[in-house]
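Undergrad: Residue-level listing of the chains:
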Amino acid sequence: MSVDTQTVKKVARLARIKVSDADAERMTGELNAILGFVEQLDEVNIDGVEPMTSVVEQTMKKRQDGVTDGGYAADITANAPASEDNFFMVPKVVE
Amino acid sequence: MTDLTKLTIAEAREGLKNKDYTSSELTEAFLTNIEAANPSLNAYVAVTADKAREMAKASDEKLAKGEGGALEGIPLGIKDLFATKGVHTQACSHILDGFKPVYESTVTSNLWADGAVMLGKLNMDEFAMGSSNETSYYGNVVNPWRKEGSNAALVPGGSSGGSAAAVAARLCMGATATDTGGSIRQPAALTGTVGIKPTYGRCSRWGIVAFASSLDQAGPIAHTVRDSAILLKSMASVDAKDTTSVEIDVPDYEASIGKSVKALKIGIPKEYRVDGMPAEIEELWQKGIQWLKDAGAEIVDISLPHTKYALPAYYIVAPAEASSNLARYDGVRYGLRVPGKDIVEMYENTRAEGFGAEVQRRILIGTYVLSAGYYDAYYLKAQKVRTLIKRDFDLAWENGVDAILTPTTPDAAFAPGEITDPVTMYLNDIFTVTVNMAGLPGISIPAGLNKSGLPLGLQLIGKPFDEATLFQVGSVIEEAAGSFEAETWWK
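Protein chains in written order, with the UniProt record's numbering: chain B, 1 to 95; chain W, 1 to 491.
By construction, these hints were calculated from the structure, which means they are not laboratory data. Hints should not be assumed to be uniformly reliable.
Claimed, not checked - Computed spacing ranges between beta-carbons, pair by pair: (1) B:D47 to W:K270: 24 to 30 Å; (2) W:Q290 to B:M60: 41 to 47 Å; (3) W:A415 to B:K62: 49 to 55 Å; (4) B:G36 to W:R273: 52 to 58 Å; (5) B:F37 to W:Y375: 18 to 24 Å; (6) W:K270 to B:M1: 29 to 35 Å; (7) B:R63 to W:R328: 47 to 53 Å; (8) W:D3 to B:G66: 31 to 37 Å; (9) B:T7 to W:A263: 52 to 58 Å; (10) W:E353 to B:D47: 44 to 50 Å; (11) B:K62 to W:E25: 47 to 53 Å; (12) W:P339 to B:R13: 44 to 50 Å; (13) B:G66 to W:R328: 21 to 27 Å; (14) B:R63 to W:E398: 33 to 39 Å.
Unchecked claim - A short, non-exhaustive set of chain B residues, derived as facing chain W with CB atoms under 10 Å: (15) V19; (16) E30; (17) V67; (18) G71; (19) Y72; (20) N86.
Just so it is clear, CB atoms sit at the ideal spot from N, CA and C, and this is done for glycine as well.
So that you can see chain B by itself, here it is in the shape it has in the complex (with noise of 0.2 Å):
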């Protein structure tokens, strides 16, 4: 399978990248090259073969549905490029 550029602005769109159309054309020939590597699975016989989910078997961990941790918004808003009284500011979302 290989991707064309629009697939690649569309992807770009998806992930919140804002590429220009120079970028996507340079970015269409390298993920084709990878997805053109990624190709040699389609040797492999997986017939039959559980998909892994953890490399280490053990059962999730549960922990106490109760609260552990927090009370220190101001901890939390510390490292916002924009925040006002612990919020976070961002652009208007809703009109």
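Model the placement of chain W on the given structure of chain B, informed by the hints.
TA: The following block gives chain W in isolation, referenced to the frame of chain B:
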């Protein structure tokens, strides 16, 4: 006075305990080395000299009273991927500009609890994506090693290039690193240092910037097998904050060093050869086999038939997980924000400017292979292949193999700019990536120099949670091969 920076951690531990010198003297010696070397090597992206001096002073007070932890007063470098409270933690990416966490990673917390001293944060490939340390926002790291009679710069490998270079150039006694596809072992091999990636689940991933969560593991880079055993013992722990942290006690790894390897069965997988691999890699491998034979180990040929599919499967799984993990960098909660006319354009502008080319490439690949209609063809298939890769190893263990010996890399260090094609760059990890895909421990040990005088490494792969055998067998290779020191051309 002897050069304190030439000591191993094991030696310094004794010297500090015997009060031959203080941690402050030791720390000062490393800070002096960093100052002299960093303009040439670019191994550190942030030097925390004041903090280092404070920590050393605190250690000296403990040592004076005959107290202190397993790493009391030992100066270390920390990869920029580990969250360190109030200190530069940016995964060497532009998108994390100015980020200073308000918390500490579990691994570094463990080190500080044991008394280690932090010298600073080490350069790396952006978000640990790279094999040459050329993708860092902070510029390339230069390998302390050069070809004999040449002044040309070489890459230190990646992604833990800063960690490996800093250890090799004696800018710290040991360093933390992380390994998703080979990022501890490949740079260790290219710089003549020892690097171990422990079993997945051995070290907590809490507070380490995530790249591919099912593959990422922390581990140390150090000068000797013993030093790496000392560091791993402190770094590893069972952590409730990481659900994939496995509840198995961390053994005293040092105890396995020096134990006989007689009666151990070492597997040699015939698939660990690639086209165009220099003859000297094969020769080094044969030498390693001979050393282990001489030490009494039994050598058996084994087959790991799905080896060649590990790298293509990795380049589906790792980018897929990365595309999900890196979705959080949106210009809202931390780091860089590039304004746009609305919130979506703000996201798009921020991520376009904040991520470098390699990171963008992997996010796009990951987004594509996870997108509707392609999931089964790529991601699901890759995870099935991963099951087969692990099964290959399981069969070897079932047949009584205790450890597997391979070369670490298909070649020695190369020049910056020499490899521009992404897929060719990925091939650097061809011998290391299988280990991540199967979640196994792997160690790289310096085993010799090539004809240009550059270091080469041998890799030992172990059973799950059996790092101890890797230290045991690794020290035999280390003993036979000797140690290797780069010339200090930067002084």
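Undergrad: Against chain W, with CB atoms and a cut of 10 Å, does the hint on B:Y72 hold up?
TA: 8 Å, holds
Undergrad: Measuring from beta carbon to beta carbon, are B:T7 and W:A263 in 52 to 58 Å?
TA: 57 Å, holds
Undergrad: Holds or violated: B:V67 as interface residue toward chain W, Cβ cutoff 10 Å?
TA: 15 Å, violated
Undergrad: Look at the Cβ atoms of W:D3 and B:G66 and judge whether their distance stays inside 31 to 37 Å.
TA: 54 Å, violated
Undergrad: Between W:E353 and B:D47, is the Cβ distance one that fits in 44 to 50 Å?
TA: 46 Å, holds
Undergrad: Are B:R63 and W:R328 spaced within 47 to 53 Å by their CB atoms?
TA: Taking Cβ atoms as reference, B:R63 and W:R328 lie about 22 Å apart, which means the hint is violated.
Undergrad: Does 29 to 35 Å hold as the CB distance between W:K270 and B:M1, or does it fail?
TA: 32 Å, holds
Undergrad: Within 49 to 55 Å or not, the Cβ separation of W:A415 and B:K62?
TA: The hinted range 49 to 55 Å holds for W:A415 and B:K62, with Cβ atoms some 51 Å apart.
Undergrad: Within 33 to 39 Å: is that where the Cβ-Cβ distance between B:R63 and W:E398 falls?
TA: At 34 Å between Cβs, range holds.
Undergrad: Regarding the hint that B:N86 lies at the interface with chain W, is the smallest CB-CB distance below 10 Å?
TA: 12 Å, violated
Undergrad: Using the C-beta atoms of W:Q290 and B:M60, is the stated range 41 to 47 Å upheld?
TA: At roughly 45 Å between Cβ atoms, B:M60 and W:Q290 fall inside 41 to 47 Å, so the hint holds.
Undergrad: Do the beta carbons of B:K62 and W:E25 sit within 47 to 53 Å of each other?
TA: 49 Å, holds
The structure fails hints 4, 7, 8, 12, 17, 18, 20 (numbered hints given earlier, in ascending order).
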